[in-house]
Amino acid sequence: MISAPRSFRISAAPALMLAACVGCSDPAAHGTPASVSEKVLNVYNWSDYIQPSVVADFSREYGIHVNYDVFDSNEMLETKLLTGHTNYDIVVPSGAFLERQLQADIYQKLDKSQLPNLKNVDPDVARAVAHYDPGNQYSVDYMWITSGVGYNTADIRARSPDAPVDSWRMLFDPAIVSGFQDCGVSILDAPSEVVATVLLFIGRNPNSNTADDLKAAEQALHAMRPYVRYVDSSRYIDNLANGDICLAMGWSGDIKQAHDRARDAGKGVDLAYAIPKEGAMSNYDILAIPADAPHVRNAHLFINYLLRPEIAARNSNLIKYANTVAASLQPLDPGVRSDPGVYPPPEVRARLTPERPRPPEYQRLLTRMWTRFKSGK
Amino acid sequence: MVAGIPTLWLLVLFLIPFIIVFRISFSEVRLAIPPYTPLLSWRHGAPVLQLHWSAYRFLFTDTLYVSSYLYSLKVAAVSTLCCLLIGYPMAYAIARSDAASRPVLLMLIVLPFWTSFLLRVYAWIGLLKNNGVINNVLMYLGIVHHPLALLQTDFAVYIGIVYSYLPFMILPLYANLEKHDGTLLEAAADLGARPLRAFLRVTLPQSFAGIVAGSLLVFIPAVGEYVIPTLLGRTDQIMIGRVLSDEFFENRDWPVASAVAIVILLLLVVPIMLFQRLERRQLEAAK
Chain A
465 MISAPRSFRI SAAPALMLAA CVGCSDPAAH GTPASVSEKV LNVYNWSDYI
515 QPSVVADFSR EYGIHVNYDV FDSNEMLETK LLTGHTNYDI VVPSGAFLER
565 QLQADIYQKL DKSQLPNLKN VDPDVARAVA HYDPGNQYSV DYMWITSGVG
615 YNTADIRARS PDAPVDSWRM LFDPAIVSGF QDCGVSILDA PSEVVATVLL
665 FIGRNPNSNT ADDLKAAEQA LHAMRPYVRY VDSSRYIDNL ANGDICLAMG
715 WSGDIKQAHD RARDAGKGVD LAYAIPKEGA MSNYDILAIP ADAPHVRNAH
765 LFINYLLRPE IAARNSNLIK YANTVAASLQ PLDPGVRSDP GVYPPPEVRA
815 RLTPERPRPP EYQRLLTRMW TRFKSGK
Chain B
18 MVAGIPTLWL LVLFLIPFII VFRISFSEVR LAIPPYTPLL SWRHGAPVLQ
68 LHWSAYRFLF TDTLYVSSYL YSLKVAAVST LCCLLIGYPM AYAIARSDAA
118 SRPVLLMLIV LPFWTSFLLR VYAWIGLLKN NGVINNVLMY LGIVHHPLAL
168 LQTDFAVYIG IVYSYLPFMI LPLYANLEKH DGTLLEAAAD LGARPLRAFL
218 RVTLPQSFAG IVAGSLLVFI PAVGEYVIPT LLGRTDQIMI GRVLSDEFFE
268 NRDWPVASAV AIVILLLLVV PIMLFQRLER RQLEAAK
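First to last, the protein sequences are chains A and B.
Each residue of the first sequence is one higher than the one before, starting from 465 at the first, in my numbering.
Each residue of the second sequence is one higher than the one before, starting from 18 at the first, in my numbering.
Don't take every hint at face value.
[What the hints assert, rightly or not] Listed next, the in silico DSBU-like pairs over lysine-lysine satisfying Cα-Cα at most 30 Å (straight line):
hint, chain 1, residue 1, chain 2, residue 2
1, A, K838, B, K196
2, A, K573, A, K544
3, B, K91, A, K731
4, A, K576, A, K503
5, A, K503, A, K583
6, A, K503, A, K544
7, A, K679, A, K583
8, B, K146, A, K544
[Stated by the list, open to error] Ranges of calculated distance between the beta carbons of each label pair, as one might list FRET restraints:
hint, chain 1, residue 1, chain 2, residue 2, range
9, B, L135, A, G840, 55 to 65 Å
10, B, L155, A, L829, 25 to 35 Å
11, B, I142, A, A618, 25 to 35 Å
12, B, N148, A, S624, 33 to 43 Å
13, A, R832, B, D171, 44 to 54 Å
14, B, P238, A, T547, 52 to 62 Å
15, A, G548, B, P64, 45 to 55 Å
For the record, the hints were derived by calculation from the structure and aren't laboratory data.
A virtual CB, placed ideally from N, CA and C, is assigned to each residue, including glycine.
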């Protein structure tokens, strides 16, 4: 679960705002049931999670006015969806949340005859997403991501030349992480994902929902907490890039972003991202159409558009996350395509565990435990 | 006819939302639209009322809720007292200043509202943080050698609330003090009272209504304050407004969120009723 902002900012902010505003009107304003021919599409996606010109080009090509709205947490999206009547035509929940929401019957089946570009979808990704949506009937993956270890190569080498940079011991072994306390350590503010990762590290089932396993994870986190400077899901990008922190648990695209930013700044900060050998959690952000979407046909057009290889490549080139379209590798920037942090090789992909949904009672225990962890008590 | 408008106002803006929240607090969570069970269901052609107390019971099974309520009441009480101690002299000074400068002074009190509330609270982060303005100045002057932990403390929350809510204390106090008859103080002086005694015996009792009005205007919203403690406050002790928001958005448990809201209201009923009684008495006195 990505419960915190998919933290990502781009320097082309004016362009982004322009495109995010391709019609800034509130989708809820379109109260009347739309006729089939209404040339409108209401999209609700993660913030800073698309190449803005893609939205503009879609509008131009199909003559469809896009109301593009953004959210920054799965919980926020679900709260809105379960309130009903959102008027959104496309939403992008993460896998574990999609699975929960499918039980509430709030999505409609995709009409695959309107999605010829489904043939471009990477079968491995489709198989992974079928864990959440059996038979891929309701959804198509948009981007997929991993959480791993991001670090400043020079700072780590200076303190510990033989640091196990390919292991979660970097963060969760107190004897090791204590060595990097002085140069700054950060942890994602994503309770479910961090706890799952710790369970993976201590050899338990990462998707366990038992109070006992949660307690074990809390103990492990408690032991390393003194060496953590902060728990946050967005600050670490800038701080890694500026050399303010040297070690972070972070998301693949974010670390890649920090890496590029540091390289462009030219101050000699070199960053690396590793998916640890013990394995890591993977997440899928998935396109789906709410059951009461007013512009179903346009939603299909947009999904089909996003599955064009060159469009998927344009999105990934900007946001540095791996898209679902196998044929998009060709038009991708070589720097993104060959980055094992963005597109891990098969043997690494085999060690990734998709996150599962959490029952409400567990969610509550988790929220409480996380409050204790963050406060360092 | 005239009495109908306030009644309608109360009905639409208070009673109906209250009933909706009250209703949800007696249901249970379910994964559907809406995410809670209906109170009325039909069984064998007859309506069955299903009231669940679980949300309320839950509030007492976990110490989080009780401790957050108590903490919120404490924060609101301390902040109200600080606002009163700072706001009273300011309101008094404005009321005593000459008629020409009063509008300017009042304008200065209201002026901060021209900037977004959120931005002003963010500005306090910049002032209070470890490498923020205050710590940098203190270290430059050599008063401290290590940055003081100012942010994410009770102190920061008090500063934020007092700073943001001070006008709500000053304005009703000013409205009250401004009406005082200055000749009463002259009479007190003629009868031998020193200024302090005259203030305590004449001005202060007369301004009691203003003190109560200002205090309630600060206290009531401060209890449920969400933004200020979230940005400036401690992470190990959260206020009830944050608990409510977490129940709704993180745990997605509408019944418990509603129960939390209803209990806040119950806690505030006493001060709100006092306020209304006072208003009524003032209205009657004005007749």
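Outcome of the hint check:
| no. | hint | result |
| --- | --- | --- |
| 1 | K838(A) - K196(B) | 52 Å, violated |
| 2 | K573(A) - K544(A) | 20 Å, holds |
| 3 | K91(B) - K731(A) | 49 Å, violated |
| 4 | K576(A) - K503(A) | 21 Å, holds |
| 5 | K503(A) - K583(A) | 26 Å, holds |
| 6 | K503(A) - K544(A) | 24 Å, holds |
| 7 | K679(A) - K583(A) | 44 Å, violated |
| 8 | K146(B) - K544(A) | 34 Å, violated |
| 9 | L135(B) - G840(A): 55 to 65 Å | 27 Å, violated |
| 10 | L155(B) - L829(A): 25 to 35 Å | 42 Å, violated |
| 11 | I142(B) - A618(A): 25 to 35 Å | 31 Å, holds |
| 12 | N148(B) - S624(A): 33 to 43 Å | 27 Å, violated |
| 13 | R832(A) - D171(B): 44 to 54 Å | 21 Å, violated |
| 14 | P238(B) - T547(A): 52 to 62 Å | 25 Å, violated |
| 15 | G548(A) - P64(B): 45 to 55 Å | 23 Å, violated |
Consistency note: the structure conflicts with the earlier hints numbered 1, 3, 7, 8, 9, 10, 12, 13, 14 and 15.
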